[in-house]
Amino acid sequence: MDDPHNENIELQLLLQAIHLKYGYDFRDYAKASIKRRVLHRLKSSQLPNISALQHSILNDVRCFEQLLLDLSINVTEMFRDPSFYQALRETVIPLLREFPFLKIWHAGCATGEEVYSMAILLKEEGLYSRAQLYATDMNEVVLKQAKDGIFPISRLKQYTENYQKSGGREAFSDYYSAHYEHAVMDKSLKENILFSDHNLATDGVFGEMHLIMCRNVLIYFNRELQNRALGLFADSLCEGGVLCLGSKESIRFSDYSRQFEDIAREEKIYLKKPACYS
Amino acid sequence: MSLPCKEFQALVIGSSAGGVYALSAVLSTLPADFSLPILIVQHMHPHSKSQLASILQKKAQLSIREAEEKERIQPGVVYLAPPNYHLLVELDRHLALSIDERVNYSRPAIDLLFESAVDAYRDKLIGLILTGANSDGAAGLRRIKQAGGYALVQDPQSAEADAMPLAACSATSVDKVLPLHEIGPHLLQLVNHYPRCLNARRSELKHSS
Ligand SMILES: C[S@@+](CC[C@H](N)C(=O)[O-])C[C@H]1O[C@@H](n2cnc3c(N)ncnc32)[C@H](O)[C@@H]1O
Numbered sequence: 001m002d003d004p005h006n007e008n009i010e011l012q013l014l015l016q017a018i019h020l021k022y023g024y025d026f027r028d029y030a031k032a033s034i035k036r037r038v039l040h041r042l043k044s045s046q047l048p049n050i051s052a053l054q055h056s057i058l059n060d061v062r063c064f065e066q067l068l069l070d071l072s073i074n075v076t077e078m079f080r081d082p083s084f085y086q087a088l089r090e091t092v093i094p095l096l097r098e099f100p101f102l103k104i105w106h107a108g109c110a111t112g113e114e115v116y117s118m119a120i121l122l123k124e125e126g127l128y129s130r131a132q133l134y135a136t137d138m139n140e141v142v143l144k145q146a147k148d149g150i151f152p153i154s155r156l157k158q159y160t161e162n163y164q165k166s167g168g169r170e171a172f173s174d175y176y177s178a179h180y181e182h183a184v185m186d187k188s189l190k191e192n193i194l195f196s197d198h199n200l201a202t203d204g205v206f207g208e209m210h211l212i213m214c215r216n217v218l219i220y221f222n223r224e225l226q227n228r229a230l231g232l233f234a235d236s237l238c239e240g241g242v243l244c245l246g247s248k249e250s251i252r253f254s255d256y257s258r259q260f261e262d263i264a265r266e267e268k269i270y271l272k273k274p275a276c277y278s
Numbered sequence: 001m002s003l004p005c006k007e008f009q010a011l012v013i014g015s016s017a018g019g020v021y022a023l024s025a026v027l028s029t030l031p032a033d034f035s036l037p038i039l040i041v042q043h044m045h046p047h048s049k050s051q052l053a054s055i056l057q058k059k060a061q062l063s064i065r066e067a068e069e070k071e072r073i074q075p076g077v078v079y080l081a082p083p084n085y086h087l088l089v090e091l092d093r094h095l096a097l098s099i100d101e102r103v104n105y106s107r108p109a110i111d112l113l114f115e116s117a118v119d120a121y122r123d124k125l126i127g128l129i130l131t132g133a134n135s136d137g138a139a140g141l142r143r144i145k146q147a148g149g150y151a152l153v154q155d156p157q158s159a160e161a162d163a164m165p166l167a168a169c170s171a172t173s174v175d176k177v178l179p180l181h182e183i184g185p186h187l188l189q190l191v192n193h194y195p196r197c198l199n200a201r202r203s204e205l206k207h208s209s
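Sequence lines, in order, name chains A and B.
Going by the working numbering, the first residue of the first sequence is number 1, and it counts up by one from there.
Going by the working numbering, the first residue of the second sequence is number 1, and it counts up by one from there.
Calculated from the structure, these hints are not laboratory results.
Check before you lean on any hint, since a few could be wrong.
Below are the SDA-like pairs computed for lysine to any residue, each with C-alpha atoms no more than 25 Å apart in a straight line [said to hold, decoys possible]: (1) B:K70 with A:N192; (2) A:K165 with B:Q51; (3) A:K103 with A:Q46; (4) B:K49 with A:K103; (5) A:K157 with B:E90; (6) A:K43 with A:Y24; (7) A:K248 with B:E90; (8) B:K70 with A:R258; (9) B:K124 with A:I34; (10) A:K187 with A:D203.
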């Protein structure tokens, strides 16, 4: 086998080449997972080493697009972590009721399951009509799927179960219609959702938010990039706004932890404190 | 067979069906001052609330906890992969979690832990495969051996499920196959051997000069 040290150097160079050529910045991602995906791509493209891959992504945009898909992990679910959604209903919804209108940002929305879950929850709580939801991701392919709101029917059993466990009491099947292999989410759910492309590594704040959901994205970043993203969230949230992270993510080690307080510690839900208290 | 004269820096363990009992048996024989960090993937139902740490802690002297992302790996601490997350080791010896798709039908997957740990620890790594009814971990153990690390497997006959130990044994040339109750003592020997063989070498050098 080649010198494993060289492999890590080649990986750094590949990420730098991607950044220089295409603007996508993976340099501050957690490397172990990235490396595994790159090696996987090497194997299936039958390329001898990462440098060869670098050469082909520089010269062939389709090859880059393929790698980009490999590098993004879009695994998601509706009502993923039911206990989180339960906490959202019980502790966050009452806070949101106090605002005359709501702006909600789903950063790293993947194929959209999360934002449709939120739409359902807001409808049931009577808050949907005053809400504007922004669903963003850096990956335009998944964003398109999110916009379509069509999910494989095989996943719906799990989603229904999650919904019920999260405290949902309606008939879940009212929210979609089944067409052969697919479940098409009800159109009314996306009336107030804006899908757009936004990269947490390179783009900035785009509006004042009352609620930000960024779940299972930060685990793929190193500490510096986590800090950057959390900075964006801190700057975007209004006083009394709420930040929700994935169940294994935390603001504890970031520069911004003092601006927030826990409101559901286990579920990683944080309240932005008024400026004079932070 | 003589023990390698090497300062091992981490132990990774993979287990599946029957693993809770086996892990407890191994960990309970290790003293509180065991100097290596121990990283464990035990296959679990993805939606189980993890009580594994508290179950294993009952009989263990080492401190056992569920791994947190970006946590610095410390000697003498046992880290468990959380249910439904892969556990990986970064080059700078921090822990990473991911929800990448399942590997070998598993998340967490043993292969992912082992392969990333090889990158971080190279030949200073001990890999241990315990009981289980699938073949996760076999590829990872092979990588450990290729990098010059040490491969240990529970004797299939003493395992509640023998598929995983068998797969590991046929994937690579394993250094030692042991019944459950001999694994902990052997690990201790491996780790304690280094200062001794180092001293022996030093005095050899003295005598020859
Ligand atoms: C694992 S999915 C999480 C989906 C959803 N939030 C959930 O928890 O189920 C991670 C998503 O983050 C996106 N992502 C990764 N890096 C990003 C970045 N720098 N900016 C924006 N989105 C990013 C990926 O494209 C992917 O869709």
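Checked hints:
1. B:K70 with A:N192: violated, 36 Å
2. A:K165 with B:Q51: Measuring from Cα to Cα gives roughly 20 Å; hence the hint holds.
3. A:K103 with A:Q46: violated, 47 Å
4. B:K49 with A:K103: violated, 33 Å
5. A:K157 with B:E90: Given pair K157 of chain A, E90 of chain B is violated - Cα atoms ~36 Å apart, limit 25 Å.
6. A:K43 with A:Y24: holds, 23 Å
7. A:K248 with B:E90: Satisfied, since the Cα-Cα distance of roughly 17 Å is no more than 25 Å.
8. B:K70 with A:R258: holds, 20 Å
9. B:K124 with A:I34: Since the Cα atoms of K124 of chain B and I34 of chain A sit roughly 23 Å apart, the hinted pair holds (cutoff 25 Å).
10. A:K187 with A:D203: Roughly 29 Å between the alpha carbons, so the hint for K187 of chain A and D203 of chain A is violated.
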